[in-house]
Amino acid sequence: MDQTADGADKPDAAVVRDALGVGVAVGLSGFAFGVTSAGSGLGLLQTCALSLLVFTGASQFALVGALAAGGNPFTAAAGAFFLGVRNAFYGLRLSQLLALPRAVRPFAAQWVIDETTAVTLAQPNRRAARIGFTVTGLSLYVLWNLTTLLGALGAKAIGDTRAWGLDAAGPAVFLTLLAPMLKTATERAVAGLAVLLGLGLLPVLPAGVPVLVAALAAPLALFVEGRRRGRAGQDGPDGVEVDR
Amino acid sequence: MNTWIAIGVTVLGCYAVKLAGLLVPAHTVERPYVRRLAALLPVALLAALTAQQTFADGHTLVLDARAAGLGAAAVALMLRAPFLLVVAAAVVVTAGLRAVGG
Chain Z
1 MDQTADGADK PDAAVVRDAL GVGVAVGLSG FAFGVTSAGS GLGLLQTCAL SLLVFTGASQ
61 FALVGALAAG GNPFTAAAGA FFLGVRNAFY GLRLSQLLAL PRAVRPFAAQ WVIDETTAVT
121 LAQPNRRAAR IGFTVTGLSL YVLWNLTTLL GALGAKAIGD TRAWGLDAAG PAVFLTLLAP
181 MLKTATERAV AGLAVLLGLG LLPVLPAGVP VLVAALAAPL ALFVEGRRRG RAGQDGPDGV
241 EVDR
Chain P
1 MNTWIAIGVT VLGCYAVKLA GLLVPAHTVE RPYVRRLAAL LPVALLAALT AQQTFADGHT
61 LVLDARAAGL GAAAVALMLR APFLLVVAAA VVVTAGLRAV GG
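Chains Z and P, in that order, give the protein sequences. Residues 1 to 244, numbered by our numbering, are exactly what the first sequence covers, in order. Residues 1 to 102, numbered by our numbering, are exactly what the second sequence covers, in order.
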């Protein structure tokens, strides 16, 4: 975490190569978003506005999915917002690593997402971290927006997106993001409980609300975990967790 | 109009949390409980969203070609396929099943 402890050198070209690899691969998947968004009934301008201004994939997919399901705009936005909250925690780590001037932060903020964080955290020193963040952010932002536009135009051209199986793209994207997070029993329990809540409440609650209720699986699991640890008394009194 | 409202609220909310992360002094929120919760919230949301977008049709639960598509994506993930290939697997299998009348 404190990178002064590890000031190993890494050639700039190697950092750029790693960053471009991630930026290009994930940037291309904006196509899936463009198609999904258009298939969900959003217009070209609305689809492109989301990629330009929201620029955090999971939230974008969640929003168009909730709107397609007929959700209230605020419920739909709430689901997208809660998914975006993780970016705040990425920002906390990145601001220590990158040490950005205050004036630059409002601009850098738009690029604080899963992929830029992963690349930046993997760098051995501040120079490499800054290059990694910038190159990943720029390549991903440009490509994601271009492919969103192409996807939205393409969806119009091909007509019925369901016949092409494109309604399966959204859940596949979510699963891809979710899979690496399921590291311990707690994460798996949270995921399982969230699935039960999300599906079980679907028939009875307004569209978009079951997902928000399912989010309660997270604090619930922490509560159970804390109680169990308190009873076992094996860890420290504050139950400090080591993540990553 | 409703769609634009949803987009506007999402834009503001998502940008605000990104900026907050860069501006807020780390020690104010870096408590273990808050960090754990921040790590687990996406797990719950993504799991619920995956399930819903696979099995929901409006307010009813259905088992259709999407489930097979998601299964294909899961297999691709276990084989460590790259991101785009995982999504492509889901799309192709779903479309294929529908084409043969599934």
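A hint or two may mislead.
Computed far set for chain Z versus chain P, every beta-carbon distance over 10 Å [what the hints assert, rightly or not]:
(1) Val16
(2) Gly79
(3) Arg86
(4) Pro124
(5) Asn145
(6) Leu153
(7) Gly230
(8) Ala232
To spell it out: a stretch of chain P is covered by chain Z in this simulated footprint if at least three of its residues, at any positions, have a beta carbon under 8 Å from a beta carbon of chain Z; those stretches are [unchecked claim]:
(9) 10-22
(10) 32-42
(11) 45-53
(12) 67-74
(13) 78-90
Since the hints were derived computationally from the structure, they do not count as laboratory data. Just so you know, even glycine gets a beta-carbon here, dropped at the ideal spot from N, CA and C.
Against the structure, the hints:
Every C-beta of chain P lies more than 10 Å from that of Val16 (chain Z), the closest at about 20 Å, which supports listing it as non-interface. At the 10 Å boundary, the C-beta of Gly79 (chain Z) falls inside the reach of chain P, the nearest C-beta of that chain being 7 Å off. At the 10 Å boundary, the C-beta of Arg86 (chain Z) falls inside the reach of chain P, the nearest C-beta of that chain being 5 Å off. Residue placement check: Pro124 (chain Z) keeps its beta carbon more than 10 Å from all beta carbons of chain P (closest about 21 Å).
The claim that Asn145 (chain Z) lies off the interface holds: its Cβ sits roughly 14 Å from the closest Cβ of chain P, which is beyond the 10 Å cut-off. Every CB of chain P is more than 10 Å from the CB of Leu153 (chain Z) (nearest about 18 Å), matching its label as outside the interface. Listed as outside the interface, Gly230 (chain Z) is consistent with that label: its C-beta sits roughly 13 Å from the nearest C-beta of chain P, beyond the 10 Å cut-off. Ala232 (chain Z), annotated as away from the interface, keeps every beta carbon of chain P farther than 10 Å; the closest lies near 17 Å.
Proximity of the stretch 10-22 of chain P to chain Z, defined as three or more residues with a beta carbon under 8 Å from a beta carbon of that chain, is established by the 11 residues found. With 10 residues bearing a CB less than 8 Å from a CB of chain Z, the stretch 32-42 of chain P meets the requirement of three and the coverage assertion stands. Counting residues of the stretch 45-53 of chain P whose C-beta sits closer than 8 Å to any C-beta of chain Z gives 9, which meets the bar of three, so the coverage hint holds. Evaluation of the coverage hint for the stretch 67-74 of chain P: fulfilled, as 4 residues show C-beta separations to chain Z shorter than 8 Å, against a requirement of three.
Coverage of the stretch 78-90 of chain P by chain Z holds. Counting CB-CB distances below 8 Å, 7 residues qualify, and the rule asks for three or more.
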